[in-house]
Every structure is written in C-alpha cells, then in structure tokens.
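So you can see what is in the structure, the chains are spelled out below.
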Amino acid sequence: GAGVSQSPSNKVTEKGKDVELRCDPISGHTALYWYRQRLGQGLEFLIYFQGNSAPDKSGLPSDRFSAERTGESVSTLTIQRTQQEDSAVYLCASTSGDSRNNEQFFGPGTRLTVL
Amino acid sequence: GENVEQHPSTLSVQEGDSAVIKCTYSDSASNYFPWYKQELGKGPQLIIDIRSNVGEKKDQRIAVTLNKTAKHFSLHITETQPEDSAVYFCAAVPNTGGFKTIFGAGTRLFVKA
Chain A
2 GAGVSQSPSN KVTEKGKDVE LRCDPISGHT ALYWYRQRLG QGLEFLIYFQ GNSAPDKSGL
62 PSDRFSAERT GESVSTLTIQ RTQQEDSAVY LCASTSGDSR NNEQFFGPGT RLTVL
Chain H
4 GENVEQHPST LSVQEGDSAV IKCTYSDSAS NYFPWYKQEL GKGPQLIIDI RSNVGEKKDQ
64 RIAVTLNKTA KHFSLHITET QPEDSAVYFC AAVPNTGGFK TIFGAGTRLF VKA
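So the sequences go chain by chain: A and H. When you line the first sequence up against our numbering, it's residues 2 to 116, in that order. When you line the second sequence up against our numbering, it's residues 4 to 116, in that order.
The hints are simulated quantities; they were obtained by calculation from the structure and are not laboratory data. Note that the structure is a prediction, hence the values are computed from the model and not measured. Glycine is no exception: its CB is placed at the ideal position from the N, C-alpha and C atoms. Wrong hints could be hidden among the right ones.
Short, incomplete list of chain A residues facing chain H, as computed with Cβ under 7 angstroms [stated by the list, open to error]:
(1) Tyr-49
(2) Asp-57
(3) Asn-102
(4) Pro-109
Assemble the whole structure, with the sequences as input and the hints as a guide.
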C-alpha cells in the first residue's frame with residue numbers, strides 16, 4: 002500500500018516569506034509526527050498529533066511555526082516569516098494507535114532552503 | 004532535559020566485518036528504544052527495536068542490547084554488506100508525559116567492498 006507522502010519534495014524560498022509543507026500519512030494511522038532534520042544531524046521533534054488534536058507541541062521552536070491536521074489525515078506545517086536557520090529537511094511520520102512505542106513510518110521529507 | 008548521545012559519528016568497516024553503534028540516554032523512565040536506518044534522500048526506516056523489559060533482541064544479522072542500569076543500548080550488525088551503508092539513528096521514548104521521541108545525532112556507516 003501507499004506509504005507516507007510529503008509535498009513539495011523541495012522548496013526554496015526567500016527570507017521573510019511563509020511556507021506550507023504537506024504530509025499525507027498512511028491511511029488509518031491516527032498518530033502523526035513532524036520532525037526537523039538539519040544537515041548532518043539527528044531528528045528534532047516538533048509536534049505530535051493524535052487524530053486532529055495536538056497534545057504535544059513542545060518541540061515547535063517559535064511562534065512562527067504552527068501545524069494543523071484535518072480529517073484525521075492530511076497535516077500541514079506552516080512556517081511564517083522564514084529565516085535562514087529554518088533551512089532543513091522536514092520529515093513527517095505516522096503510526097497506528099496512540100502508543101508512543103509504535104513504529105513510526107516516515108515520509109521522504111521536504112527539503113526547505115531559505116535564501 | 005532528555006538527551007540521547009550516539010557514538011561513533013562515522014564508522015567505516017570492511018565487508019563481512021561487524022559494526023557496533025552505541026547510545027546512552029538520560030531519562031531513566033525511557034522504555035522503548037528503536038533503531039532507524041536512513042538512506043540518502045529517504046526518510047528513516049525502523050530496523051529493530053527493544054523494550055525495557057528485554058535485555059537483547061536479534062533479527063538475522065542485526066541485534067540490539069539494552070543495559071537499563073547503565074542507560075546504554077547498542078546496535079550490532081554482523082557480516083556487513085555494502086547495502087548496509089547508511090546513516091543509523093538510535094532513539095529513546097521517555098515515559099514521562101508528552102509524546103516526543105528523542106533521537107541520537109546519527110552514525111554514518113560505510114561498508115567497503
């Protein structure tokens with residue numbers, strides 16, 4: 002079946018612009034994560050969704066970052082007034098159930114470059 | 004705060020040799036420890052995981068060991084093959100509220116043919 006998909010695969014934007022990154026999780030997966038991966042580094046947790054609610058937003062680095070999920074499916078990560086330090090790969094993962102101890106299925110990521 | 008340290012950052016081995024990657028975690032309440040493999044241009048993929056009530060788990064050429072007292076866990080790959088070349092991430096899931104998974108910084112493994 003289809004895995005997690007993300008779009009766009011690459012996004013180049015100018016400093017100060019807003020960007021929206023999209024994640025389509027595996028059908029039926031109720032939990033969804035967003036991560037940021039800077040070049041050569043590990044994954045940095047941003048936000049967790051269970052259904053359409055986000056009980057853990059503790060990783061969002063500033064109020065310029067927000068995310069929503071609708072229909073217990075698609076999620077959008079929005080970065081307002083982008084800065085150069087926002088340049089990274091943004092990864093989305095989904096998992097079945099609401100346990101933290103389930104395998105996460107990752108999408109291929111969106112590479113964001115802020116000029 | 005919660006932290007996972009991973010070593011080495013780069014590992015180069017000859018095909019057929021074994022590779023070992025080690026991680027330590029700070030939150031003693033962590034109870035789930037997955038390992039992910041990330042190939043170039045792709046998202047990470049789970050290769051093996053271990054839960055806190057188990058000390059060792061093996062799946063073909065891959066094994067993971069966990070020492071909860073020392074807060075260490077390790078990945079062992081035997082009979083390495085060129086297709087094992089990738090970046091490997093360890094992770095720990097704290098059991099203290101929240102839903103975050105804490106990842107190590109990654110180990111880039113090169114398997115030379």
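Taking the hints in turn, this is what the structure says about them:
no., hint, result
1, Tyr-49, "4 angstroms, holds"
2, Asp-57, "4 angstroms, holds"
3, Asn-102, "4 angstroms, holds"
4, Pro-109, "5 angstroms, holds"
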